[in-house]
Structure formats: C-alpha cells, structure tokens
Amino acid sequence: MSPMKLCVPGERLCSTEDCIPGNGTYLRHGSIFASLAGYVLRKNEGEELPVISVVRETEAQLLPDVGAIVTCKVTSINPRFAKVHILYVGSTPLKDRFRGTIRREDVRATEKDKVETYKSFRPGDIVLAKVISLGDVQSNYLLTTAENELGVVVAHSEAGAQMVPISWCEMQCPRTHAKEFRKVARVQPEYLQA
Amino acid sequence: MDTIHACFKEKIGEVLLPGDVFSFRLPESGDGSIKSEKIICGPGLRRNGEEVRVCKSGILRHKQPNMYWIDSQQRRYVPAKGESVIGIVTTKSGDVFKVDVGGSEQASLSYLAFEGATKRNRPNVQVGDLVYGQFTIANKDMEPELVCIDSCGRANGMGVFGADGLLFKVSLGLVRRLLAPQSEIIKDLEKIFPFELVVGMNGRVWVKAKTVQQTLIVTNLLETSENMTSQQRQTLFKRVAEGSL
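If you're matching them up, the sequences are chains A and B in order.
For the first sequence, UniProt numbering assigns the number 1 to the initial residue and increments by one for each residue that follows.
For the second sequence, UniProt numbering assigns the number 1 to the initial residue and increments by one for each residue that follows.
Incorrect hints may have been included.
[Claimed, not checked] As a list, the in silico EDC-like pairs of lysine to aspartate or glutamate whose alpha-carbon atoms are at most 20 Å apart: (1) A:119 to A:149; (2) A:73 to A:149; (3) A:179 to B:50; (4) A:114 to B:150; (5) A:112 to A:147; (6) A:83 to B:141; (7) B:81 to A:116; (8) B:140 to A:158; (9) A:83 to B:143; (10) A:119 to B:141; (11) B:81 to A:158; (12) B:140 to A:180; (13) A:112 to A:170; (14) A:179 to B:51; (15) B:56 to A:158; (16) A:119 to A:170; (17) A:73 to B:141; (18) B:210 to B:190; (19) B:81 to A:180.
None of these hints come from the bench; they were simulated from the model.
My request is simple: use the sequences and hints to build the entire structure.
What follows is the structure, encoded as structure tokens:
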C-alpha cells in the first residue's frame, strides 16, 4: 500500500467535487475537512466518486455498543458502584482499555436496594456484563450484570487460589475451603471447558 | 497416631512463628472408621488443604471446646467490622466527616449516623473532636465507614466526647487486656482514685481524672503496665496509692 497521509482535525482534505465525505470528516463551505487525527483513506466505490475518510489506525477498532456483552476486570469498588476496565467485546480483545461503571442498582435484577457491592464484586474479578449506555464525554460506559448469565466468571480468593462457584451468590476457595460472596454468572454449558 | 487436638495441645502457650505447619492424619478407631474432629481456627491460623499454617508470630491459645488462635502483639491497627474505636475528626465535607482511626485510610462518618440527627437537626461536631464509633464497613478493598448509633438507632455510649482529658496510644494487646470482662488492670487502678476511661480497639485510650496530675499518673501507669507482670504491677500500684494519699 502506498504510504498514507497523516492529518489533524480541521485540516482541509479536498473539495466536494472530488470525493464524498466518509467517517471522520465533515463538510463546510464546499470543502471536506478532517475531524479526527489519523490517516487519510480514499476508497474507490466504482462509478461514483471515491469516499474519503479518516481512520485512527489501519484496522478499524471494534467499539462496545449498547447491548453488547463485554468482558471486564474490576479495578475498584465503592458502596455505590464498581469501576471496571473493559477488556473484550464479545470475543475480540480490545487494544485500549475502556473504562466502565457498574452501579449498585444494576448488579442484580431482584432486591436492588439490598445489594452490597462488597458481596458482589472484588477488585481483580473478571466479570461478564452488558452495555446499557455509552455515557457522555466525561463519564464511562454504563454496564449491567442484572441477568443470570452475567456476573463474576473468574475470581481469586484471599488466599490467592482461583475459586469454584457453588451457587449464584457464593464461591469457594479450594485451598482454604473458605466461602466468599460474589454475584456469579451462570455460564452456558457449551462454553465451559472441562 | 496424632490426633488434631494432640498436635495443638503440645504447643499451647508456646511461641510460634509464621510458616510453622501442623499436619496430621485422621485417627482410625478399632473398626476402621475414621473419626472426624472439628477445630475452629482463629486469627493467625489458616487452613491450607490438609494442614494448618501459622500466619502471625505469637503465642498459641486455646479455648474450650475446640477453638485455637495466635495471640500476637502489634501496634498497627487494621479496621475490622463491628469494632468500636476512638477517631479524630479531620475534615467536614458536605454530609460526611472524615475521621482518622489510625488505619491506612481515613474512615467516613455520615452526619446522619448520630442519635437524633435529621437533615434539619445536624449534630454539633467540629474538626478536632473525638468520636467513639463502630465500623459498619471495614475491609481491605473499600474505605471504612463509621457510625455512632447501634442497629436500633440509640447512641449506646457512642458519639462525640472528650472536652478535657488526655488521649494516648498503646499496643493492641494491652487494649484487649483492658477490655476483657474481668480486667485486673482496671480493678487495680480503680482502687487508687476515680477517673473516666474510654478505650478504643485501635489502640487509643482517653483518660480524665479530677486534676491534671492524677490524669498524668493514670496515663503513665497504663503505659507501663504493658510490659510488667501482674506481680510487678500490683507492687507499683500500691506504691503509687501510698504516695498519692
């Protein structure tokens, strides 16, 4: 591929007569300007004019969308919510870690006010969650685990061993036999590896 | 053939170090069946598969019928749920006070967690006040939370205190001895002169007596009784009682 041109937001790329504006561009005064910083990509669509777009990286990144199931890791907990880093969207890993929040009322579907974050998640747990909102500029993705298939998948006990789920709200450490509370996900049998 | 109780009994009252292991085989009775014994591991002991490991250095103690724990001496306090502590109010931000309890993080105390406090009727708490409260949330992942009421909503001796008097720090082992039901140290001290005493499980003790001199005497006696045997302590208290009277 020929070396691609770099551009910054506000840079004039070409006029409307040459190309059709695509992703990462906007139209102003009869010219096409870039709105993202990245590489300029020109695609030929056939008989119509080529589509010009600006991409951050050469491959398009998969972004979490509303309703997508994501895999995330809990970073900190609070009596009101838990902060997570989103690692995977579906089964594709993400290059950057997006930040998400699971509010206390979104942890369970029933008895929402009796939820204690300390008994549902701990820092370091791997959680399956669903995106309910993209949030605005400053806030993170809003996630929920209020379904049977969502919740904690992998957790480590205080002794450091990986715990085994025994019910939807408890996990047990195989070394010390101590039980700890978590909101456990009911993983479908076909996804479990023996 | 060692039974579980026999392994522990040898070591009751001995000093153990972290890493000491108790491993045992289950005893077999005459007809070949295995008898199971249950023991409760207290603080300082941890089960690791088929053996019990010591996690803290200290003396092994035993309580009937089957409880064992390590009595360790430390000065650094780690917040635990349900413990009553003395805290110092450091900041007032909105609806929440930040209280220093001597742990790694400051605890938060809501202004509604006092007896008779409502949104209109705020408690009179200033920065620098001493509060005696209980932990509702105290674990290593979250900021600890204090309350000054019990589950029924009554103060029960908790709240702001200490207009005068002296606050000082002792080790956690001494605090546990002071809070024991029939504490000898307290009984001996009562005979000398009357005073007010508040003991927090975070190692902080507040004392107030009639005069400043008496307050300082009580403070010094409490601090020195940490490293004395009961014999030495009683002779010292006797000397002080004769000297002050």
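Each hint tested on the structure:
{"no.": "1", "hint": "A:119 to A:149", "verdict": "holds, 18 Å"}
{"no.": "2", "hint": "A:73 to A:149", "verdict": "holds, 16 Å"}
{"no.": "3", "hint": "A:179 to B:50", "verdict": "holds, 17 Å"}
{"no.": "4", "hint": "A:114 to B:150", "verdict": "holds, 19 Å"}
{"no.": "5", "hint": "A:112 to A:147", "verdict": "holds, 12 Å"}
{"no.": "6", "hint": "A:83 to B:141", "verdict": "holds, 12 Å"}
{"no.": "7", "hint": "B:81 to A:116", "verdict": "holds, 14 Å"}
{"no.": "8", "hint": "B:140 to A:158", "verdict": "holds, 10 Å"}
{"no.": "9", "hint": "A:83 to B:143", "verdict": "holds, 15 Å"}
{"no.": "10", "hint": "A:119 to B:141", "verdict": "holds, 11 Å"}
{"no.": "11", "hint": "B:81 to A:158", "verdict": "holds, 17 Å"}
{"no.": "12", "hint": "B:140 to A:180", "verdict": "holds, 14 Å"}
{"no.": "13", "hint": "A:112 to A:170", "verdict": "holds, 18 Å"}
{"no.": "14", "hint": "A:179 to B:51", "verdict": "holds, 18 Å"}
{"no.": "15", "hint": "B:56 to A:158", "verdict": "holds, 16 Å"}
{"no.": "16", "hint": "A:119 to A:170", "verdict": "holds, 9 Å"}
{"no.": "17", "hint": "A:73 to B:141", "verdict": "holds, 15 Å"}
{"no.": "18", "hint": "B:210 to B:190", "verdict": "holds, 14 Å"}
{"no.": "19", "hint": "B:81 to A:180", "verdict": "holds, 16 Å"}
Violated hints are absent here; each numbered hint is respected by the structure.
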